[in-house]
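Asks: Input sequences plus hints: build the corresponding full structure.
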Amino acid sequence: MSAVAEPPQPIPLAEGIGIFLGIVGWDVLTAGEVELLKASLIAAAGALAWYGVRCWRANRDKRH
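Numbering (my numbering), first residue to last: 1 to 64.
It is possible that part of the hints are untrue.
Stated by the list, open to error - Each pair of labels, with its calculated beta carbon distance range:
| id | residue 1 | residue 2 | range |
| --- | --- | --- | --- |
| 1 | Glu33 | Pro8 | 32 to 42 Å |
| 2 | Asp61 | Leu21 | 24 to 34 Å |
| 3 | Arg54 | Trp26 | 22 to 32 Å |
| 4 | Arg60 | Ile11 | 13 to 23 Å |
| 5 | Ile17 | Ala58 | 19 to 29 Å |
| 6 | Thr30 | Arg57 | 29 to 39 Å |
| 7 | Ala31 | Glu6 | 37 to 47 Å |
| 8 | Gln9 | Ile42 | 18 to 28 Å |
| 9 | Val28 | Arg60 | 36 to 46 Å |
| 10 | Ala14 | Leu37 | 17 to 27 Å |
| 11 | Pro10 | Gly32 | 31 to 41 Å |
| 12 | Ala5 | Leu37 | 36 to 46 Å |
Since the hints were made in silico from the structure, they are not lab data. None of the values given here were measured: they were computed from a predicted structure. We put the CB at the ideal spot given by N, CA and C, even for glycine.
Replies: Structure, rendered in structure tokens:
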């Protein structure tokens with residue numbers, strides 16, 4: 001066990017914004033309308049999943 005504190009994993013805001021813009025762009029190109037609620041829910045879920053993977057990998061790498 002280490003006594004030195006480690007910085008927390010950064011929240012992936014850029015990835016979430018990129019997912020959001022991609023979903024909005026896809027909706028505009030395919031359907032001609034914008035569904036902001038759908039795009040924001042998908043982007044939030046994607047960013048949380050990415051954050052979970054980062055935390056899991058950090059803990060896994062710390063153990064080995």
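Asks: A separate judgement is required for each hint: does it hold in the structure or not?
Replies: Verification of the supplied hints:
| no. | hint | result |
| --- | --- | --- |
| 1 | Glu33 <-> Pro8: 32 to 42 Å | holds, 38 Å |
| 2 | Asp61 <-> Leu21: 24 to 34 Å | holds, 31 Å |
| 3 | Arg54 <-> Trp26: 22 to 32 Å | holds, 25 Å |
| 4 | Arg60 <-> Ile11: 13 to 23 Å | holds, 19 Å |
| 5 | Ile17 <-> Ala58: 19 to 29 Å | holds, 22 Å |
| 6 | Thr30 <-> Arg57: 29 to 39 Å | holds, 34 Å |
| 7 | Ala31 <-> Glu6: 37 to 47 Å | holds, 45 Å |
| 8 | Gln9 <-> Ile42: 18 to 28 Å | holds, 21 Å |
| 9 | Val28 <-> Arg60: 36 to 46 Å | holds, 39 Å |
| 10 | Ala14 <-> Leu37: 17 to 27 Å | holds, 21 Å |
| 11 | Pro10 <-> Gly32: 31 to 41 Å | holds, 36 Å |
| 12 | Ala5 <-> Leu37: 36 to 46 Å | holds, 39 Å |
The structure agrees with every numbered hint stated previously.
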